[in-house]
Amino acid sequence: MGRRRTRAGTPATVALERAGVAFEVRAYEHDPGAESYGLEAAAALGVDPARVLKTLLVEADGGLAVGIVPVDTLLDLKALAAALGVKRAVMAQPADAERATGYVVGGISPIGQRRRLPTVLDSSALEHPTVLVSGGRRGLDLELSPQDLLALVDGTTAPVARRG
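Numbering of the sequence shown is given in numbering that gives the first Met the number 0, commencing with residue 0 and proceeding in unit increments.
Think of the hints as simulated: they come from the structure by calculation, not from any bench.
Treat the hints with care, as some may be off.
[Claimed, not checked] Here are the simulated DMTMM-like pairs of lysine to aspartate or glutamate, each with C-alpha atoms no more than 20 Å apart in a straight line:
| no. | residue 1 | residue 2 |
| --- | --- | --- |
| 1 | K86 | D75 |
| 2 | K86 | D60 |
| 3 | K86 | E126 |
| 4 | K77 | D47 |
| 5 | K77 | D60 |
[Claimed, not checked] The following label-pair restraints were derived from C-beta to C-beta distances:
| no. | residue 1 | residue 2 | range |
| --- | --- | --- | --- |
| 6 | D30 | R115 | 26 to 34 Å |
| 7 | G45 | A18 | 37 to 45 Å |
| 8 | A150 | G32 | 30 to 38 Å |
| 9 | E23 | G61 | 31 to 39 Å |
| 10 | R98 | E126 | 27 to 35 Å |
| 11 | P93 | G32 | 30 to 38 Å |
| 12 | S122 | V89 | 20 to 28 Å |
| 13 | E16 | P128 | 38 to 46 Å |
| 14 | G8 | R162 | 29 to 37 Å |
| 15 | E28 | R87 | 36 to 44 Å |
| 16 | Q92 | G45 | 30 to 38 Å |
| 17 | G45 | K77 | 14 to 22 Å |
| 18 | T155 | M90 | 28 to 36 Å |
| 19 | G101 | D30 | 32 to 40 Å |
Glycine residues also receive a C-beta, built at the ideal position from the N, C-alpha and C atoms.
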């Protein structure tokens with residue numbers, strides 16, 4: 000896996016290139032009618048859903064934070080709040096998430112957001128040599144090591160995913 004410049008750069012690909020991180024662009028044809036963007040990506044790319052991660056924004060004690068979990072799981076808000084050291088976390092409003100990150104819902108990347116937010120990666124991600132995250136738009140994923148992802152977002156890990 001090497002650095003590969005993409006014609007349609009996003010803040011995420013620019014941040015990866017600037018940091019000198021090895022990654023692979025994984026594009027697919029996005030279906031606007033898809034019920035789950037993440038499961039759509041896993042199926043389209045032929046990747047185990049446990050390796051495809053979704054980026055979710057929460058409101059925690061008056062500020063925003065990020066939880067990153069596999070697409071076939073749910074974000075455990077109580078576990079995320081505990082990992083962040085706050086009393087309570089609730090899902091952020093889509094408009095707030097888009098404004099804070101600069102990305103549209105369904106294409107929010109944890110990398111290259113407008114401002115750095117406290118970020119918690121589900122610890123299961125560390126079980127894989129590489130994971131996929133949104134590249135900053137629907138139909139574009141980026142494959143990289145979970146350790147590089149953690150370093151880029153200055154995040155922590157905790158068990159914050161739960162089965163539905």
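Results of checking the hints against the structure:
1. K86 / D75: Roughly 14 Å separates the two Cα atoms, so the pair holds.
2. K86 / D60: holds, 7 Å
3. K86 / E126: Violated: K86 and E126 sit about 29 Å apart, past 20 Å.
4. K77 / D47: violated, 26 Å
5. K77 / D60: Holds - the C-alpha atoms of D60 and K77 are around 13 Å apart, at most 20 Å.
6. D30 / R115: 26 to 34 Å: holds, 32 Å
7. G45 / A18: 37 to 45 Å: violated, 27 Å
8. A150 / G32: 30 to 38 Å: This hint holds: roughly 36 Å between Cβ atoms.
9. E23 / G61: 31 to 39 Å: This hint holds: roughly 38 Å between Cβ atoms.
10. R98 / E126: 27 to 35 Å: This hint holds: roughly 33 Å between Cβ atoms.
11. P93 / G32: 30 to 38 Å: violated, 18 Å
12. S122 / V89: 20 to 28 Å: Check passed, 22 Å falls within 20 to 28 Å.
13. E16 / P128: 38 to 46 Å: violated, 21 Å
14. G8 / R162: 29 to 37 Å: holds, 36 Å
15. E28 / R87: 36 to 44 Å: holds, 39 Å
16. Q92 / G45: 30 to 38 Å: holds, 34 Å
17. G45 / K77: 14 to 22 Å: Given about 34 Å between the Cβ atoms, the range is violated.
18. T155 / M90: 28 to 36 Å: Hint violated: Cβ distance 20 Å, outside 28 to 36 Å.
19. G101 / D30: 32 to 40 Å: Violated - the Cβ-Cβ distance for G101 and D30, about 24 Å, lies outside 32 to 40 Å.
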